[in-house]
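Protein chains in written order, with the working numbering: chain P, 1 to 79; chain L, 80 to 419; chain W, 420 to 617.
Derived from the structure by calculation, the hints contain no laboratory data.
All C-beta atoms, glycine included, are put in the ideal place defined by N, C-alpha and C.
Heads up, some of the hints might be wrong.
Here are the simulated DSS-like pairs of lysine-lysine, each with C-alpha atoms no more than 30 Å apart in a straight line [said to hold, decoys possible]:
id	chain 1	residue 1	chain 2	residue 2
1	L	Lys-139	W	Lys-566
2	P	Lys-2	L	Lys-404
3	L	Lys-192	L	Lys-404
4	W	Lys-556	L	Lys-135
5	L	Lys-236	W	Lys-566
6	L	Lys-236	W	Lys-592
7	L	Lys-150	L	Lys-135
8	W	Lys-556	P	Lys-32
9	L	Lys-135	W	Lys-566
10	W	Lys-534	P	Lys-32
11	L	Lys-150	P	Lys-32
12	P	Lys-32	W	Lys-597
13	W	Lys-597	W	Lys-566
14	W	Lys-556	W	Lys-592
15	W	Lys-556	W	Lys-597
16	P	Lys-2	L	Lys-279
17	L	Lys-150	W	Lys-597
18	L	Lys-135	W	Lys-592
19	L	Lys-279	L	Lys-292
20	W	Lys-534	L	Lys-135
21	L	Lys-139	W	Lys-608
22	W	Lys-503	L	Lys-279
23	P	Lys-32	L	Lys-203
24	W	Lys-556	W	Lys-577
25	W	Lys-597	L	Lys-236
26	W	Lys-503	L	Lys-150
27	W	Lys-577	L	Lys-236
28	W	Lys-608	L	Lys-150
29	L	Lys-192	W	Lys-577
30	L	Lys-139	W	Lys-534
31	L	Lys-203	P	Lys-2
Computed from the model, here is a short list of chain P residues facing chain L with C-beta under 10 Å [to be verified]:
id	residue
32	Phe-4
33	Leu-5
34	Ile-6
35	Ala-7
36	Val-12
37	Ala-13
38	Ile-14
39	Phe-16
40	Val-17
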Amino acid sequence: MKAFLIALVAAVAIGFVASVVLSGSQQLAYQKFATSGVRISEPGTNLVGHKWNGDPTPADFTNETREKAEDARADSKGS
Amino acid sequence: MRSALKLLSTLVVAVTLAGAPVAVGAAFAQNPTQVGENPSGDNPTADSVNEEYLFKQDSKIHGRVSIPDQKAANLIQPQGREYRAFHERSLPWIAGVVILGMIVVLAAFLLIKGRMASPRSAEKITRYNAFERFNHWMTATCFIVLALSGLNYIFGKRLLMPLIGPDAFGTASQLAKYAHVYLAWPFMLGVLTMLFVWVKDNIPNRIDWAWLKAGGGVLGGHAHAERFNAGQKVIFWMVVGFGLAMGVTGIAMLFPFALVDVNGMQLMQIVHASIGALFIAGIILHIYTGTVGIEGSFSAMGSGEVDLAWARAHHDLWVEEQQAKAGGGPRLKGHPQPAE
Amino acid sequence: MARMKFLCDADRCIECNACVTACKNEHEVPWGINRRRVVTLNDGRPGERSVSMACMHCTDAPCAAVCPVNCFYTTADAVVLHSKDICIGCGYCFYACPFGAPQYPRVGNFGSRGKMDKCTYCSGGPEPDFSVAEYEKYGSNRLAEGKLPLCAEMCSTKALLAGDGEMIAEIYKQRVVKRGYGSGAWGWKTAYRETVTI
C-alpha cells in the first residue's frame, strides 16, 4: 500500500516536473515563425490592436454611434 | 483609253475592298484558336505547371513560401483524406473490437473455467521488493490514466459528448489531454526502469517452451517456471515493446514536425493509436491474471509477499533458487513438484 | 443558400501576397499564424505559378471528421467553422487537412498549445454576429455584413475568387474560354471532389 501511494505521488511529481520543463521549451508561433523584421509592438498579440483608427468596430454600433459615424461620413463628404 | 484604264483600276480597288472582309473572314476560319488566342501568339500555359502533372511527379504538391513556416509550403496533401478514413472508420472498429473482444473472452473464460485455484500454506515468500512495486504501480496508474484519456480521443465524441454536452466535454478533454501529455513522462520512465530491473528474468529460454507446450495456466497444467513464466515474459516484452513504441511515436507528436513531415505525423498518430488499442487489450489480460484470474497472485504486487505454496505451484524453479540463495528459510515438506 | 468556395486562378496570381496581408489585418491575426499563404510552384523555372491557399471549406471536411471533440460545424453557406471554446489543440485537423489550413499559437503539442486558428471565410464563429467575443476569437464577420472575404475582394488581379461555387466556376470558365488557357481550379478535386470542367 505504501509503495502504491508513493508511486502515485511520484507519478504526479514527475508529471509536474515534465510540465514545467516542457512549458519552458514551448515556443510561440511568433517566435518560431517570425522573420527578423521590425517590431512596432508586442509581437504575438495583435499588431495594432483593434480600433486602431478610432472608428467603432461593428460590435460597438449602437444606434447612437451609428448615427454619429454616418454624420461624420456625411461631413467629410460634404467638405 | 485613259478613262477606260481609270475605270478598270477603280473596279479592281472596289472588288478588292468588297472582297477583303470575306478574305479576312476566311483567314479567321482557317485559324480556329483565334477566339481564345493570346495576342502574342504564344500559349502561356505550354509549360506551366498544373495539378495533374504535379501529382504525377509526387504524392503531394510542394512549392516555396516566403514565410518562415515551411510546413505551409505544402500546397495540397491528399493523404489527409486517407488519414481521415483510417482515423474515423478503421480505428474505432479496431480499438473497439480488440478491447471489448478481450473483455468478452476473459469474461467467458472466467465463467467457464472459473478462477485458477492455488494451494495455500502458512508461509510467505517475498516476490517483489518495495522498489519493484513502487515502479510497477507508478507505471500502472499512469497507464490507466493514459489509456482512459487516450480512449477519449477515439470514443469521447461518440460516447461521452452526447451525455455531458459539448462544452463540458471540451473542458474535460482539455484536462485529459494535459494528463495524457504529462503523465506520459513518468510512464516512459517506469517502462524503462522495468526494462532494466526485470530484463534479466525475462530472457526467453527452453523452460518457457516447455511451459507453453504444457499449455501454461490456461489448460490447467502447471509446468516448471522460473521467476517469470512464458506468459509473464510475453506481457513483459509487450509492455517494453509497446511502451517504447508509444513513447517514440508520442514524443514525435509532442514535438510536431520536429522529426517528421506531415505524412510522418499521420503515420505516427496511426501507429500510436493502433498500438495503444492493442496495449490496452494486453493490459486488461494482465490485470485479469493478476487479480481475479489466478487466486493468490495479487498479493505479489500488493504486499510484495506471496504464499509459499502458491509460489511453488507457479514458479517452482524460482522458489528453489531463492531458497538456495537464502541457505534454508521456510521450506515445505516433500519434493518440490509442479502442482497439477 | 450559396455554397461558398475559393478559387485561385494561378494564371493571374502574381504572388503579391496582398491577400495574406489583407487577411492578417482584417482579423488581426497574430504573427506566425497564417490563415492564408501564397505558395509558388516550379519557382524560378519556366511555367512558374503561384497559388493563394487557405482553408478551402471542403465538402465533408476531413478536419471536422477527425476532430476528437467535434468542435467543427458547417454553416448554411457551407463554410467550415470551429469553436475555440471546445478545441483542445490536439493537432489532428492539421494532419487531416489537405491544404495545411489549421494553425496553432504554440509550436509544441503539449499543455496549452492554444486553440486552433484557421480561415473563417470572414464569417466569424459560433458567437453572436458582431459580438466582441466573436471578433477577438475569430476576427471580423464580413459575411454577416453581406460582404465577401477580404482576401478575394482586394486581389489586385482578381486571381482569387470567392463566392458561390457555381458562380465563381462560371466566371473562371468564361475567362478560360476567352483567353484560351487555364491551369485549373487548384485544390478543387481534393476539396470538393469535383473540378471546373472547361
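Checked hints:
For the suggested pair L:Lys-139 and W:Lys-566, the alpha carbons sit about 33 Å apart, so the restraint of at most 30 Å is broken. Distance hint between P:Lys-2 and L:Lys-404 is fulfilled; the C-alpha atoms sit about 27 Å from each other, no more than 30 Å. Between L:Lys-192 and L:Lys-404, the direct Cα distance comes to roughly 37 Å. Violation of the 30 Å bound is thereby established for this hinted pair. Simply put, W:Lys-556 and L:Lys-135 have alpha-carbon atoms about 40 Å apart, too far for the 30 Å limit, and the pair is violated.
Of the supplied pair hints, the one linking L:Lys-236 and W:Lys-566 is violated, its CA atoms being roughly 35 Å apart against a limit of 30 Å. With a CA separation close to 42 Å, the supplied pair L:Lys-236 and W:Lys-592 exceeds the 30 Å bound. Of the pairs offered as hints, the one joining L:Lys-150 and L:Lys-135 holds, with about 21 Å between alpha carbons and a cut-off of 30 Å not exceeded. Between W:Lys-556 and P:Lys-32 the CA atoms are separated by roughly 22 Å; this keeps the pair inside 30 Å, and the hint holds.
Distance check on the hinted pair: L:Lys-135 and W:Lys-566 sit about 38 Å apart at the alpha-carbon level, beyond 30 Å; violated. Pair hint W:Lys-534 plus P:Lys-32 holds up; C-alpha atoms about 17 Å apart against a cutoff of 30 Å. Only pairs whose Cα atoms come within 30 Å are accepted, and L:Lys-150 paired with P:Lys-32 is accepted, the gap being roughly 12 Å. For the suggested pair P:Lys-32 and W:Lys-597, the alpha carbons sit about 45 Å apart, so the restraint of at most 30 Å is broken.
Among the hinted pairs, W:Lys-597 with W:Lys-566 is consistent with the structure: their alpha-carbon atoms are about 28 Å apart, no more than 30 Å. A distance of roughly 37 Å separates the Cα atoms of W:Lys-556 and W:Lys-592; the hinted pair therefore is violated under the 30 Å criterion. The straight-line distance between the Cα atoms of W:Lys-556 and W:Lys-597 is roughly 42 Å, outside the 30 Å bound, and the hint therefore fails. The hinted pair formed by P:Lys-2 and L:Lys-279 meets the criterion: a straight-line CA distance of about 26 Å does not exceed 30 Å.
Restraint check for L:Lys-150 and W:Lys-597: not satisfied, since their Cα atoms lie roughly 36 Å apart, outside the 30 Å limit. Straight-line distance between C-alpha atoms of L:Lys-135 and W:Lys-592 comes to about 25 Å, which keeps the hinted pair within the 30 Å bound. For the suggested pair L:Lys-279 and L:Lys-292, the alpha carbons sit about 23 Å apart, so the restraint of at most 30 Å is met. For a cut-off of 30 Å, the pair hint linking W:Lys-534 to L:Lys-135 is broken: about 36 Å separates their Cα positions.
Between L:Lys-139 and W:Lys-608 the CA atoms are separated by roughly 13 Å; this keeps the pair inside 30 Å, and the hint holds. Restraint check for W:Lys-503 and L:Lys-279: the C-alpha separation of about 50 Å exceeds 30 Å, so the hint is violated. Distance check on the hinted pair: P:Lys-32 and L:Lys-203 sit about 60 Å apart at the alpha-carbon level, beyond 30 Å; violated. Of the pairs offered as hints, the one joining W:Lys-556 and W:Lys-577 holds, with about 29 Å between alpha carbons and a cut-off of 30 Å not exceeded.
Proposed proximity of W:Lys-597 and L:Lys-236 is contradicted: the alpha carbons are some 50 Å apart, above 30 Å. Distance restraint check for W:Lys-503 and L:Lys-150: the Cα-Cα separation of roughly 22 Å lies within the 30 Å cut-off, and the hinted pair is therefore satisfied. At most 30 Å may separate the alpha-carbon atoms for a hinted pair to count; W:Lys-577 and L:Lys-236 exceed this at roughly 41 Å. The hinted pair formed by W:Lys-608 and L:Lys-150 meets the criterion: a straight-line CA distance of about 21 Å does not exceed 30 Å.
Among the hinted pairs, L:Lys-192 with W:Lys-577 is inconsistent with the structure: their alpha-carbon atoms are about 75 Å apart, more than 30 Å. A distance of roughly 27 Å separates the Cα atoms of L:Lys-139 and W:Lys-534; the hinted pair therefore holds under the 30 Å criterion. Between L:Lys-203 and P:Lys-2 the alpha-carbon distance is near 19 Å, which keeps this suggested pair within the 30 Å criterion. A least Cβ separation of about 5 Å between P:Phe-4 and chain L falls short of the 10 Å threshold, and the interface hint therefore holds.
Annotation: interface hint on P:Leu-5 holds; nearest CB of chain L at approximately 9 Å, less than 10 Å. Given hint, P:Ile-6 at the interface with chain L, holds; its Cβ is 6 Å from that chain's nearest Cβ, closer than 10 Å. Because the smallest distance between the Cβ of P:Ala-7 and any Cβ of chain L comes to about 4 Å, under 10 Å, the interface hint for this residue holds. Taking 10 Å as the C-beta cut-off, the interface hint given for P:Val-12 holds, the closest approach to chain L being about 8 Å.
For P:Ala-13, the suggested interface contact is upheld, since its CB lies about 8 Å from the closest CB of chain L, less than 10 Å. Here the hint on P:Ile-14 is kept, as its CB sits about 4 Å from the closest CB of chain L, short of 10 Å. Because the smallest distance between the Cβ of P:Phe-16 and any Cβ of chain L comes to about 7 Å, under 10 Å, the interface hint for this residue holds. Against a cut-off of 10 Å between C-beta atoms, the interface hint on P:Val-17 holds, since the closest Cβ of chain L lies about 8 Å away.
This entry does not satisfy hints 1, 3, 4, 5, 6, 9, 12, 14, 15, 17, 20, 22, 23, 25, 27, 29, going by the numbered hints stated previously.
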